[in-house]
Amino acid sequence: MSEYHPILPGLILGLPLLGAALNGLGAFAWRENKTVPTIVGPLTVLGAFALALWNLSAMRGAPPHEASLVSYWTWFSSGDLHVGVTLLFDQLSLLMTLIVTGVGGLIHVYSVGYMRDDRGYSRYFSYLNLFIFFMLVLVLAANYVLMFVGWEGVGLCSYLLIGFWYENREYSDAGKKAFIVNRIGDFGFLIAMFMLYTAFGTLDMLSIFERAPGTLVAGGVLVTAITLFLFLGCVGKSAQIPLHVWLPDAMAGPTPVSALIHAATMVTAGVYLIARSGVLFALAPFSQAVVASVGAGTALFAASIALQQNDIKKVLAYSTISQLGYMFLAVGVGAYTAGIFHLMTHAFFKALLFLGAGAVIYALHEAWDETGEHGDPNDMRNYGGLNRFMPITWRTMWVGTLAIAGVFPFAGFFSKDEIIWEAGVRGYAVLWGVGIAVALLTAGYMTRLMVMTFHGANRSFGEDGAGERSHLHEVPRVMWAPLVALAVLSAIGGWVQIPEALPLLPSVNLLHAWLEPVFQPALAVAGAGAAHGVVAVHGATVAPGESFSRTSPLGGGEALWAVLATVPAVAVVLLVFRSLSRRRYRRAAQAPEPRGLAAVLYHKWYVDELYDRIIVRPLLALWRGCWRIVDHRLIDGSVNGLAGLSRIAGWTGSQLQSGRLSTYILVFMIGALLILGSLAF
Amino acid sequence: MGKLYGTHWILTLLLAVPLTGAVACLVGPERRARWTALATTLVALALSLPLFWTFSTGTAEFQNAASFPWIERWGISYAVGLDGISLLMLLLTTVLMPLVVAGSFSQIGRRERAFYASLLILMMGMLGVFVSLDLFLFYMFWEVMLIPMYMIIGIWGGKRRIYSAVKFFLFTAAGSLLMLVAIVALVHLHQQQFGEASFAYADLLRLSIPPRLQLWLFGAFGLAFAIKVPLFPLHTWLPDAHVEAPTAGSVILAGILLKMGVYGFLRFAIPLFPSAAMNRGVVAVILLLGLIGIVYAAWVAAVQPDAKKLIAYTSVAHLGFVMLGVFALTPQSLEGAILQMVNHGISTGALFLLIGMIYERRHTRLIADFGGIARVMPFFAMALTVVALSSIGLPGTNGFVGEFLILVGTFQRYPVVAVLATTGVIFAAAYMLPMVQRIILNPLTDDENRELSDLNGRERAVLAPLLGLILLIGVYPQPFLDRISPSVNSLIEYVEARALPMEAEQEPEIPAVAFELTQREGNHTLEEERGEIGR
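Sequence order for the protein chains is Z and U.
So in the numbering used here the end of the first sequence lands on 1996, straight run, no missing numbers.
So in the numbering used here the end of the second sequence lands on 548, straight run, no missing numbers.
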């Protein structure tokens, strides 16, 4: 048991950055060569993953310790503000590093197949590697400013990758929308940093967290403002109401990008930020309530939309927004480990689902290319019965579906159960109810997705396209292997944390024990706030006095509710499966327009339209008014209107053309000298 | 070598080089003018770069300083020197000029001798402004800049060049005439208080000026500088001048000339009239105008159809940030402001160069005429993206560090102003990204655009140093901040110690601040002796 020192920390970040540089160079220097990006792209990320694993084993072998800081250079220092390029290695940042490089590595491998024929192959891997680099900066940063580098850096990569196929105007519009909406959130992040610096004289996280309980008044205006501005940043990055509008559009990017950036990693940065700043949020109960409520509200809202989408990626996008809502519900009620737990399992099953969707889109693309058929390869109404052609994709996606639906014993069951339970025992009765309702909606829309895609009759070709259907087949191994790996993780990933309360199962407490040192200060603050001392719900820490009831708002212990939660989920899956598989869908081109509530959901509650009317158009009108009226009429008008000015202008202009400019300058200089001269005497 | 960089001779040499080059351009053959100019600017660059390392960082004193009487009966002297602020401005000038010259090769096809001579005279004027420590000398260089700039716009400009040149000239000249009056008044005061006329900066700092009078004189200087910055609503000459100017004119205008306004505030208007500069009303007005500039200019930029005009308005927004930083007068905000002046010179200079490069190919600046050219001009697309990101202050690029320091510093004193100014980061994305999208992204539909060729070796060489600086200052700005911070701290201490409330008619017993010229081991150093106030 020797003390832990980060092993090759610079290389964890350096490898993906090197990959980005090499592939970026490749995009210019050897455009046709695909060997280099194929090797460099995935290998740098997997190398970083290997290093992260090595660090994990070193950290596990070491005694419990303080966080390790690795300092490189002073980024900037001015007055008493010192910002260093400093990395923070603790249990949380290492876990995040593992998720980012692990899931990221699998997605890089998958991309080798998915992007095989793209002319921007090298550029794609350059962006993807750069994304991993910035994401690692985000999770490993030891101060808020460096974290902001990662924060905006991943936003940049997201922008570049959403608009990767830039020659499609809709796609590049989507990239731009993502960037601008995210900047609204970044505005909040910046203001929070200004306030933190004003309050603490530093932006280093560890010293802020250490001094926060003594410096900030619990429940005071300042800490509430700081946390709410931080949360504004999270709302942007993690696509919560009301800034969720960019994420569905972000599906314009290649599907592996959606899996990596817009499901597994980047969009969870907000959850990470709040968990990381747990001490601050624990001091601001009002902000916590806002976070939890926005999270639960978003979870419900987005799940309702997912019910009526026909684009497979849109369903998954709204599902992501909804699941992120769960995570905010968790960190909002102070259950940080539960939030990070769901972040992890969600990274597994949502990456799996997106890559599965990508496989379907890929297969359809290939088949249609070969047969000359046309249509929208993202529209589930053009799918149906694909289980016969794509057995691996079909089976793995079912694993993902059961995991996200929270069916025992898949990963989502444990993480989601814990969130709902924590919300319940902490007295958030309404949010607890919302959590349960959303779980059922999730089972519903995911089963609908599976049925429309894989079951029933195939609708990819005309009425009798039997011959053409033979062109449909499973994706190559480089693509299905990552699916299998993720399916395994989605199945068993939840077993790191099995509550004691569940009967017949061994109790496992890996995750809580692992993250306990990180969240301990925040829990201590929350506990002190409740005047009960240290409390940890899942038994990681011995509590001097239980501050929470051990029963749900409707009574009953955790075991009862865990059973009660999974039974309806299974029921919904079965019910939806039975009723929808008998339904005869029509191809997208012949399908009728939805009506009534279905239309409202189909049109996403008309939020985009609303924003366009009340924000975008009025602003553009205001801006044009500023230019044409204020600048041209008012300012220039009054200047030009000054008596004689225009005449002088005309006169000097003519002087210039007649070549007598020098005369004028001479006169000017003589005049100036005369004034000076008169003074000297 | 070491000898040269310890004395004022390096500064004098730097002033002489462009002048010599200008003469050489004029007397040499027409087609060699460009090469003469390029060689001259490269020599100046090579001469100036070591200053960055020879400059001692621990002190706020003027370095490489010297003062010689010039026209003694009027108290005019040849006084030059460098502090951290002028050092960075000087280097910005010498770095940008070779790029400006090389960037003009394919655009300027007529009267080349006159063009390159004008550029070099302009360069001398700019360098002179940044090193002058005598107000007569300063004013002379200030006016020297005006003429060649006027000619560059008026002769080599676009369709409405005469209108724009005259507008530029009248706005600037109006301001500088007021400044002249104020300078004369200062000299007169010196005559009254010390019995002899003097234009020397060090002498004029010793004046005790009643706060009311300070207000008037600050107003006169301030107006001249505010027009140059430009501060809202004095900015309307800028978009016109930029649109009509050739690329070289735009780059110099945005990259260097606008900084003269801020530099004027920092060097003259604020230290000479501290009571006025610290006056609540004055600060409130300037902060408000800076804030309006940030937000309003971003709004107007967002709806511009002309790429050059759009970038011109972004300059107004960026300089609004700088003015905010200057008048918030905190260490962070001021250091950020000065760094941001450098950053803006680099990124906006690069933007104008880039727009110039596609203008030369397509002869249009309308954003709508482009689209999808990333396919045919990938290097251009990469460069434009990087520069645009720097301009909107993405972390990792230079723009972020400056903007962040300005805002975090301003927040310490004026939180509401800082919060409102921070909305500028949202609007920045809202004007810059659509422009980038409409030029390099979207479908490539226009046949003329399909024929575009990517940047050639010369163009890449012009952009490469700027791209390098964007990343270098983005990740390692500390050497730059180290050079600024002593000057900034001394300015803040000085101003706060000397500022008086408006009611005080007579200066109370504050130990006079004396700037004295001392000679040390052949080293001409202009040293500040502060008595009890400074240290």
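Keep in mind that the hints are not guaranteed to be accurate.
Across the chosen pairs, the derived CB separations fall in these ranges [to be verified]:
| # | chain 1 | residue 1 | chain 2 | residue 2 | range |
| --- | --- | --- | --- | --- | --- |
| 1 | Z | Val1799 | U | Arg473 | 24 to 34 Å |
| 2 | U | Thr70 | Z | Ser1522 | 50 to 60 Å |
| 3 | U | Asp459 | Z | His1947 | 49 to 59 Å |
| 4 | U | Leu379 | Z | Leu1333 | 39 to 49 Å |
| 5 | Z | Gly1952 | U | Arg123 | 31 to 41 Å |
| 6 | Z | Ile1950 | U | Ala198 | 27 to 37 Å |
| 7 | U | Thr70 | Z | Arg1792 | 40 to 50 Å |
| 8 | Z | Tyr1917 | U | Ala477 | 49 to 59 Å |
One side of the interface only, derived from the structure: several residues of chain U facing chain Z at Cβ under 10 Å [what the hints assert, rightly or not]:
| # | residue |
| --- | --- |
| 9 | Leu220 |
| 10 | Gln345 |
| 11 | Pro456 |
| 12 | Leu457 |
Calculated directly from the structure, the hints in this document are not laboratory data.
Each residue gets a CB set at the ideal place from its N, CA and C atoms; glycine is no exception.
Practice item. Tell me, in ascending order, the numbers of any earlier hints that this structure violates. Key: Going through the list in order, the structure violates hints 1, 2, 3, 7, 9 and respects the others.
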